[in-house]
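So the protein lines, in turn, are chains U and G.
Here my numbering is used: position 294 in the first sequence is 294, and no number is missing along the way.
Here my numbering is used: position 213 in the second sequence is 213, and no number is missing along the way.
Any given hint could be a false lead.
[As the list claims (entries may be wrong)] Straight-line C-alpha distance at most 20 Å; calculated EDC-like pairs for lysine to aspartate or glutamate: (1) K7/G with E86/U; (2) K440/U with E8/G; (3) K108/U with E293/U; (4) K87/U with E8/G; (5) K173/U with D70/U; (6) K403/U with E383/U; (7) K19/U with E41/U; (8) K104/G with E441/U; (9) K316/U with D185/G; (10) K7/G with D209/U; (11) K7/G with E85/U; (12) K115/U with D185/G; (13) K380/U with D366/U; (14) K256/G with D70/U; (15) K33/G with E8/G; (16) K256/G with E120/U; (17) K321/U with E269/U; (18) K150/G with D106/G; (19) K150/G with D103/G; (20) K300/G with D274/U; (21) K300/G with E441/U; (22) K440/U with D106/G; (23) K384/U with E354/U; (24) K440/U with D103/G; (25) K118/G with D136/G; (26) K104/G with D313/U; (27) K7/G with E211/U; (28) K74/U with E431/U; (29) K87/U with D70/U; (30) K35/U with D47/U; (31) K300/G with E296/U; (32) K300/G with E269/U; (33) K416/U with D379/U; (34) K104/G with D379/U; (35) K256/G with E329/U; (36) K256/G with D40/U; (37) K316/U with E86/U; (38) K118/G with D23/G; (39) K440/U with E60/G; (40) K87/U with D103/G.
Bear in mind the hints are in silico, worked out from the structure with no lab data behind them.
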Amino acid sequence: MALSGLDIFKLLPKTNCKKCGMPTCLAFAMALAQKKVSLDECPDASDEARQALAAAAAPPMLAVTFGTGDGQCKVGGETVLFRHEEKFHSPTAVAVTLPDDTDEAAMKQKAETIKGFAFERIGQPMPVEAVAVMNASGDAAKFAAAAEIAKTTGKAIILVTESPDAAAAALQKVKDTTPLLAAATAETADAMARVACEAGCPLVARAADPEALADLTEKLKGAGCEQIVLWLDAPDGWSEMTGMTTVRSLALRSTFRPLGFPTIAFATEGEPEDQIGRASALLCKYAGILVVETVEPWALLPLLTARQNIYTDPQKPVQVKPDLYAVGEADENSPVLFTTNFSLTYYTVEGDVEASRVPAWILCVDTEGTSVLTAYSGDKLNEKTVAKGMQDADVESKVKHRKLIIPGYVAVMSGKLEEETGWEVLVGPRESNVIPRYLKEVWTS
Amino acid sequence: MPLPPVKETYSGQVNEITLGGGDRKSVTIGGAKTIPHGGDREATGRRPVIAVDVLDAPPEDWPPVLADAYADVLQDPAAWATKAVETVGAELLCVKFDGIHPDKGDRDADHAVQVTRKVLEAVDVPLILWGCGNDDKDNAVMPKVSEAAKGRNVLLGTVTEDNYKNLTAIALADSHFLISQAPLDINIAKQVNILVSDMGFPLERLVMFQTTGALGYGLEYAYSIQERECLAALAGDKLMAMPQICDVGYEAWRAKEAKISDEDAPEWGDAARRGPLWETVTAIALLQSGVDIVRMRHPKAIARVQAYINGLWGSDA
């Protein structure tokens, strides 16, 4: 938590020596609180003051990285409880389990499947970032062998075991990838901390409630661990969701350091629908890493899409790539409508064009992700930008007719647009939900 | 170690309302005094409720995975309602009058009144009666629907900034609850509440609706607006203290990812499970924003979301 000027003043020598260039220590303290000067300007500052100021400047939630190269993941570093306050910074890393108690062929097959995931939406990749090797066998050698298979995916690795020996065995094989080790409990804290510190990898602390988690992270910090991830292994759904919310709030709003770490949650039980249902709640509230068991694309797709949605920067509208898009079996006689590349605008129009069941072309005009009226008033939607969009997408070669349907709200630009393009402009409806009727009745006639 | 107290404290509260009642079953929603999962059971208010959609006329555009689930009842709203209650487990139904829309059959008020009466006879759970979205048609039909349900304490929808007078007047006359609608805009939501309130309609009988964005199609906008509305209520804004409803079923099943067939998208896997899960994830994500009623459609998605709710709140409350 930021220190006030008076808090800082108490830590200063109070000699008013002016060596810092300020008339008094109080003035210097006030400038420090506003981050206008550095404590280094004060030659007589005590070590205690330096530590207190450094601690106060540290972010309320640590960012933890694991994995290397292309597989590197950064989680945590969050600053807010509600995404509209700023944004959620580090998209939840999604991991799929690789249990070590199946035969080698099955493990290799699952690893291949994980490696092959290439989901994408609106031009953005939606990766599965990590493989969680599960020590289901309880056997150290099997665990180490599974970790080696996990390494072939190139993804970040999470080593999940209760046994420090199994952890050490697996780390021998994969510690060069900086895996995340899960997990230390109150009972295994010292041994796990030693294994993690030796390998230089971050460590998960696992406990049943926020109080026990806070105790455990203090213990791990005492044993030399700095990179910690929290696993709130709660007895039921209610305590899990309320616990995750409490942890987030205490870390960010109260700068409670023992809980100032990213979180990991496991939704690996039951059918894929059970896993993904629970995971989507935890994604919103407030898992930094989510582990699921399923590799079904129909199950992962909605989870990864939810992550893309929730981690979108609320200040930066999502944009669709400007282009000409066919809806249905659009051909050279199909109508051409244009709209802006603000994703919400575009997808609303696309959905309504689709609902009309009239095959059509949608020209998505680059308006820097603004809606029709905003773009028009900001001069990002005018005859020039539309004409450019038509040219770039080579609309003339796609249809035989020369008729362009424009959003009803920008009917006023019809004349200039006809001049600029030579196309006949048809004024479409103001509201997107009238498009089906428009296409069926007006266009068809 | 003892934890410091959580810093968020809220002075306000979401209104609590009870739909139905009398000689019929009732359901109570709202009442939150804190954010979702922000405190103990008492402080978080009533559990969220699923409203199962029943359409007044057979839908023309439902994908097979969804239509098949109700294939035996799509022609008969009363049978549909019975199935929704007895088989799907609905404790609240939303009768959606799509069939009166000029583009979707243009059915008249007599039809809508008949549907309302038959559904009221067939089941005893509380009802939401929701117009088609065409202002002229809703103004002509929904007052008669309201009258047919007089005394049943239903939730009528929807009133908007441009069209609120007729429905507000009739909801007031028939002592119903009312849904105020806004296009993903928190200021317009407040404005509609003020307009409705200026006509003498009690704020305590309103439910707020922001046009919902489905997973992948603007979910984040609906999520944050609903979250902000919830926070406004908790901060003590009486004009924003209404419980909230969102329309998951309709929106989720418009998504390509939910409705496209296996042949057209083999890389996305089994459509029979993909569609319901798309609806499930939309619902569970939006529940995290503090919404009180979710309108849903597919029985499998409804079962999953109900299991999620029961898993948190217990199945008996």
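- Query: Which of the stated hints cannot be reconciled with the structure, identified by number in ascending sequence?
  - Reply: 2, 12, 14, 17, 18, 19, 21, 23, 25, 26, 28, 29, 34, 36, 40
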